[in-house]
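Participant: For the protein sequence lines, the chains are G and Y, in the order given.
Under the numbering used here, the first residue of the first sequence is numbered 221, with each subsequent residue one higher.
Under the numbering used here, the first residue of the second sequence is numbered -18, with each subsequent residue one higher.
Bear in mind the hints are in silico, worked out from the structure with no lab data behind them.
One or more of the hints may lead you astray.
[Stated by the list, open to error] Facing chain G, a subset of chain Y residues (Cβ under 10 Å, in silico):
1) G36
2) Y68
3) R88
4) P92
5) D196
[Claimed, not checked] Away from chain G, derived, C-beta distances all over 10 Å, residues of chain Y:
6) A(-6)
7) R17
8) T112
9) Q202
Cβ coordinates follow ideal geometry from the N, Cα and C atoms, glycine included.
Read off the chains here:
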Amino acid sequence: MEKEKEEKRYKSGLLRSLRPYKFNLERYTYTLHRITGVILILYLIAHVFEIYHLALGPVAWQQTMALLSSLGIWEKIGLWIIAGSALYHGANGLRLILNEAFGMLLGKPVLPEYPYTPTSLSRNQKIAIYTIVVIVVALWIWAGIYLLWGLGII
Amino acid sequence: MKVRIRRFDGQKAWWQDYEVDAKPSDTVLDILNRIREKHDHTLAFRQSCQMGSCGSCGMVINGLPALACQTRISELKTESIRLEPLYNYKVIKDLVVDLTDFVNKHRSVKPWMIRKNPQELEEAPMEFKVTPDQNLTFVQFDYCIMCGLCLAACPTVAIDPLFLGPQALAQAYRYIADPRDEGFEERIEILDDSHGVWRCHFAGACSYVCPKGVDPAKAIQYLKKEVLKYRLLHKKKASVKPAELIQKPPPANAPKPPPFDFKIEGGE
C-alpha cells in the first residue's frame, strides 16, 4: 500500500537548523549564537562541578586544581574558547534584545517595492553585526594574549 | 541544461537527472513544464498563476527556497539546477508538499478583523476609515501570498514543528497593527507561548527568502514588543474607536463636488 506522504518532514531537524549555507548573514549569527550558548551551558555545568569541590575541603580543592593544571595548554585553550563564546553570546544577545524587546534596528514598515530588500536585514542590522564581530574578535585576541602571558609563553 | 530533481512516489525517494533545452530567459517553472511535456509526464509540482501572485510553485532551487515562476535560469548562474521540495514540510509527491499544518497555523492566529461589537461589521453605515499613514503600518505584511517559503527557510521551524512560524506570526501582527482591529486580547493567548512569538530567535531567513517583500522577521520582532508591552505594562496597541473609524457623511450645507466629466479629449 502506498504511503499518503513522507512520514518525516523533509530536511528538518537540529543539524539542518544549524546549517546557514546560502542564507543571510543573520542566519550565520543565529547558528553561532546557538553553538556558543551550548558551550556556555556545558562550561557552567563543569564550573558548578568544580566549585562543588570547595565544599569537600581543602584537599579535594587542591586535587581539582592540580587536575586542571595537569591539562597544561589545553586548559588555556578551553578557557579561550569559553571566553570567545561568552563575548560573542553576550554581544549578539544585546543586539537581539534591541531587536526583540525594543524593535530597534528593524526599520519601519514600508510599502514593498521590487526589488525587495527587507529593512530588518538591511544596513543598520549589518552595521550592528559587523561592530559586534570587530569588538568580539579584538577582545578575544586580547584574552588569548592574556592567557598566553599567564602561561609565561609571552 | 542539467536538471536534478528530488523525486518521491509514495514509496521511495530518489534523485533524477534530466537534460533539458533551456534559454537564459526561461524560468525554472518553464523548465519544469518542459520536462513534464517532453521528458517525464509523471513529475508532480504545483503551479497556477505563473507570475508570482498565487504562491503555488514554491520549492528549493539550488539550496534556497524560491518561487519557480520568479527564478530565471540566467539569475542562477549555474550549469545545472537542483530542485527539491520545500524543507520542513512532509512531501506528498515529488515537489508537492503537504501544507495542512501551515494553513492550520495561519488560521490559529485568527487572521481576520475582530471587533468587540461584531454588529459594527454587519451594520456599518459607512466604510471603516484608515488614513494612508495608518495603512502604512500594516500594509507591508498584507502582501503575503502564503507560498510557505518562510517556513522552509526558518531554522526554528526545522526543530520545532509546533512553532507557529513566520507566516502566521506576521499575519497576526498585520491585524494587530491595524487600527480597525480589536482582537489583540483574543490572539495573545496563542502568540504569548513557548511555540508562539518567543520561539523566534531572529535568524531573518524568512525575510531573506520572502518573494513579496513582506519581511516577516520585522513583523515578529514588532509583535514581541507589543506582547511585552501588554504583559509588563498592560498597554496594548491603541485601536481606534468606532466613531473615529466610520466616515461621517458630509454636512448638508457642504459645497457639492463638481460632476465628473466623462468626455475624452479629442473625442466627440
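Participant: Hint by hint, note whether the structure agrees.
Facilitator: Against the structure, the hints come out as follows:
1. Taken as an interface hint, G36(Y) does not check out: its beta carbon lies about 15 Å from the nearest beta carbon of chain G, beyond 10 Å.
2. Taken as an interface hint, Y68(Y) checks out: its beta carbon lies about 4 Å from the nearest beta carbon of chain G, inside 10 Å.
3. Checking R88(Y) against chain G by beta carbon gives a least distance of about 20 Å; that is not within 10 Å, so the hint is violated.
4. Given hint, P92(Y) at the interface with chain G, is violated; its Cβ is 17 Å from that chain's nearest Cβ, farther than 10 Å.
5. Hint status for D196(Y) relative to chain G: holds, with the closest Cβ pair at about 4 Å, below 10 Å.
6. Against chain G, the non-interface label of A(-6)(Y) is violated: not every CB pair exceeds 10 Å, the least being about 7 Å.
7. Every Cβ of chain G is farther than 10 Å from the Cβ of R17(Y); the closest lies at roughly 21 Å, confirming the non-interface assignment.
8. Once the 10 Å rule is applied to beta carbons, T112(Y) is consistent with being away from chain G; the minimum gap is 14 Å.
9. Taking the minimum C-beta to C-beta distance to chain G, about 5 Å, the non-interface status of Q202(Y) is violated against the 10 Å cut.
Of the numbered hints listed earlier, those contradicted by the structure are 1, 3, 4, 6, 9.
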